[in-house]
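S.K.: Residue numbers for the sequence shown follow full-length UniProt numbering, so the first one is 1 and each next one is one higher.
Because the hints were derived from the structure by calculation, they are not lab data.
Errors might be hidden in some of the hints.
Said to hold, decoys possible - Restraint ranges, calculated between C-beta atoms of paired labels, are given here:
#1 Arg36 x Gln134: 18 to 24 Å
#2 Arg150 x Glu86: 15 to 21 Å
#3 Arg83 x Gly19: 47 to 53 Å
#4 Gly116 x Lys8: 53 to 59 Å
#5 Asp52 x Glu20: 39 to 45 Å
#6 Arg83 x Glu39: 29 to 35 Å
#7 Arg61 x Thr18: 35 to 41 Å
#8 Val33 x Val106: 30 to 36 Å
#9 Asn21 x Gly53: 22 to 28 Å
#10 Leu10 x Gly116: 47 to 53 Å
#11 Thr149 x Met58: 34 to 40 Å
#12 Arg85 x Arg36: 36 to 42 Å
Don't be surprised by glycine CBs; every beta carbon is placed ideally from N, CA and C.
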Amino acid sequence: MTTDHDFKQLVRARMRETGENYTTALMALRDDVAYREAEREQHRIVARWFDDGRLRDMPARRAVRAAVLLEVLSRFEPGRRYREREVTALLSTVYADHAWLRRLLVEHDYLERADGEYWVVTTPPVREGQRLTQETPAWELAWLPRFITRGTR
1 MTTDHDFKQL VRARMRETGE NYTTALMALR DDVAYREAER EQHRIVARWF DDGRLRDMPA
61 RRAVRAAVLL EVLSRFEPGR RYREREVTAL LSTVYADHAW LRRLLVEHDY LERADGEYWV
121 VTTPPVREGQ RLTQETPAWE LAWLPRFITR GTR
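Construct the complete structure from the given sequences, taking the supplied hints into account.
M.R.: This is how it looks when you write it as structure tokens:
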């Protein structure tokens, strides 16, 4: 991480480039730093738990499990509705117990379902309570809103 003085220089440089005020430039840079840190952590988790796109095993720790589920979710297309057999086919390429994986995606509020169809949620899940927020990977907060909006453009 940069020193405080260096970070202020980055903020001022962004202000010159974008015309943003100090607070806006500061928040944008902090968001960028948080996103990159969350992305690094997500890549570390994916490298540990996946081999050639297949999940080796389901992690026991809830935060790591949620990060793994986000990686699986990235294989879906936001805004598209999937029939159950399509979801089964997609998840079967990731993990042997595709039914459990599908159930976890729904329980974690990453996929919704109705009438035999599944789709990526249209809004990020709201996590309330200290336990739930501690079990939420930073990648969910950083990546999921951007991923969801891809399907609404």
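S.K.: Next step is simple, just say for each hint if it's right about the structure.
M.R.: These are the hints, each one checked on the structure:
1. Arg36 x Gln134: 18 to 24 Å: Cβ of Arg36 to Cβ of Gln134: about 22 Å, so the range 18 to 24 Å holds.
2. Arg150 x Glu86: 15 to 21 Å: Holds, at about 19 Å.
3. Arg83 x Gly19: 47 to 53 Å: Given about 48 Å between the Cβ atoms, the range holds.
4. Gly116 x Lys8: 53 to 59 Å: With Cβ atoms ~55 Å apart, the hint holds.
5. Asp52 x Glu20: 39 to 45 Å: Check passed, 43 Å falls within 39 to 45 Å.
6. Arg83 x Glu39: 29 to 35 Å: With a Cβ separation near 32 Å, Arg83 and Glu39 satisfy 29 to 35 Å, so the hint holds.
7. Arg61 x Thr18: 35 to 41 Å: holds, 39 Å
8. Val33 x Val106: 30 to 36 Å: The hinted range 30 to 36 Å holds for Val33 and Val106, with Cβ atoms some 33 Å apart.
9. Asn21 x Gly53: 22 to 28 Å: Violated: the Cβ-Cβ distance is about 44 Å, outside 22 to 28 Å.
10. Leu10 x Gly116: 47 to 53 Å: Since the Cβ atoms of Leu10 and Gly116 sit about 50 Å apart, the hinted range of 47 to 53 Å holds.
11. Thr149 x Met58: 34 to 40 Å: For Thr149 and Met58 the Cβ distance comes to about 28 Å; the hint is violated.
12. Arg85 x Arg36: 36 to 42 Å: holds, 38 Å
Hints 9, 11 from the list above are not met by this structure, while the remaining hints are.
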